[in-house]
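Fit chain to chain and form the complex, with the hints in mind.
Protein sequence lines, in the order shown, are assigned to chains X and C. With the working numbering applied, the first sequence has no gaps in its numbers, which climb one by one up to 113 at the end. With the working numbering applied, the second sequence has no gaps in its numbers, which climb one by one up to 115 at the end.
Some hints here could point you the wrong way.
[Unchecked claim] Here are the computed lysine-lysine pairs in the DSS-like style, where the Cα-Cα straight-line distance is at most 30 Å: (1) K107/C / K80/X; (2) K55/C / K73/C; (3) K70/C / K107/C; (4) K107/C / K73/C; (5) K110/C / K73/C; (6) K107/C / K79/X.
Honestly, the hints are just simulated from the structure, not real lab data. None of these values were measured; they are calculated from a predicted model.
Here is how the chains run, residue by residue.
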Amino acid sequence: SQTIHQWPATLVQPVGSPLSLECTVEGTSNPNLYWYRQAAGRGLQLLFYSIGIGQISSEVPQNLSASRPQDRQFILSSKKLLLSDSGFYLCAWSSGTGDTEAFFGQGTRLTVV
Amino acid sequence: AQTVTQSQPEMSVQEAETVTLSCTYDTSESNYYLFWYKQPPSRQMILVIRQEAYKQQNATENRFSVNFQKAAKSFSLKISDSQLGDTAMYFCVSFYGGSQGNLIFGKGTKLSVKP
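The following block holds chain C by itself, in its conformation from the complex (with noise of 0.2 Å):
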């Protein structure tokens, strides 16, 4: 079964501070797409980044980017510069087998920024 393991359920950080949270992943396919989504209180999932397992370059965004080393299927977040406004949880997920796949979710990292 493909599984994404995400081994910090909190995580706490200082206002402008750096932070980084930790994602593993398991699949035999060759093709699939990593992402990090930001749940806030008031639950509504967004995305946060996202990248393809094809491509070789870590994605970014702002003051998110990610660590992507696919031979040791790992796919950590950084987050720069820490803000009060990414006290959240935090998913990893995976997306797998094309049309016939679907969404598997991390269990979360609950992220808390402290000014």
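Same shape as in the complex, but just chain X (with noise of 0.2 Å):
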């Protein structure tokens, strides 16, 4: 069966210190990839989607980055990190096709102090 793996499940940073999150897929081969972001009592927002290794789209404009080493991993970063980075960041992922349900992670809980 198919899995999702995001962590950590929480984080607390210092403004300017570097962020890497973390989220695998098992289960499934040449799935599509999604970053999210979802302010407190908001809707999510698209940050990043991925529909191979190395195939990265932006949907925002921030001092996020994606990355895709491998065709079950997608790595959010940041080199300095804003207070307004601060959120709940969830990884999903799907068919390429969209014949089935969206798969989430458990979310991660950023704190930028």
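Encoded structure:
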């Protein structure tokens, strides 16, 4: 069966520090992968999505970046965090055809102090 | 740009009653999928129901059903016999574009079920 792992679950980082959030998927191949950010009590903002290794589409200009070094690994990074980067980050995957549901990680609550 | 609109930021319903959450979407694609996801306070995303655009029959899952109006680009969710555990954020989501596509989320509707 397919599973998705996202870590860490919570993170407190000082302003200006780097960030690395990791997401891995098991039980499927060539998934579409997504990073979303959710502010408290609000909807999801798509940050990045990827349809294949090394193929990243950025939806929102910001100081974040994403990489997909392996088929089932998706990494969200920042060289220098801002206070406005605080939020809840969700990784998700779906099949390339949309004929199955999307599966979500448990999320990472990031607080930049 | 593809969009999904949920016009009700918050709703409330009495336990055991029925509530309908609205969703409209905008696309020129002919092949797409629509979903309703539930996000309880734990913040884990849970699939509630899905609908293939090429199917005319409305999807149902136990107490949850949709009213899919393709021409009107409307995809509402009906929750019957509401339970306290239904309290959550509900997101209407679309998937377009096949292998090049991505998930588009509405802004969500916060549903409170009152005892």
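So, going through the hints one by one against the coordinates:
no.	hint	verdict
1	K107/C / K80/X	holds, 28 Å
2	K55/C / K73/C	holds, 14 Å
3	K70/C / K107/C	holds, 21 Å
4	K107/C / K73/C	holds, 17 Å
5	K110/C / K73/C	holds, 22 Å
6	K107/C / K79/X	holds, 29 Å
Every hint, counting from the list given before, is met by this structure.
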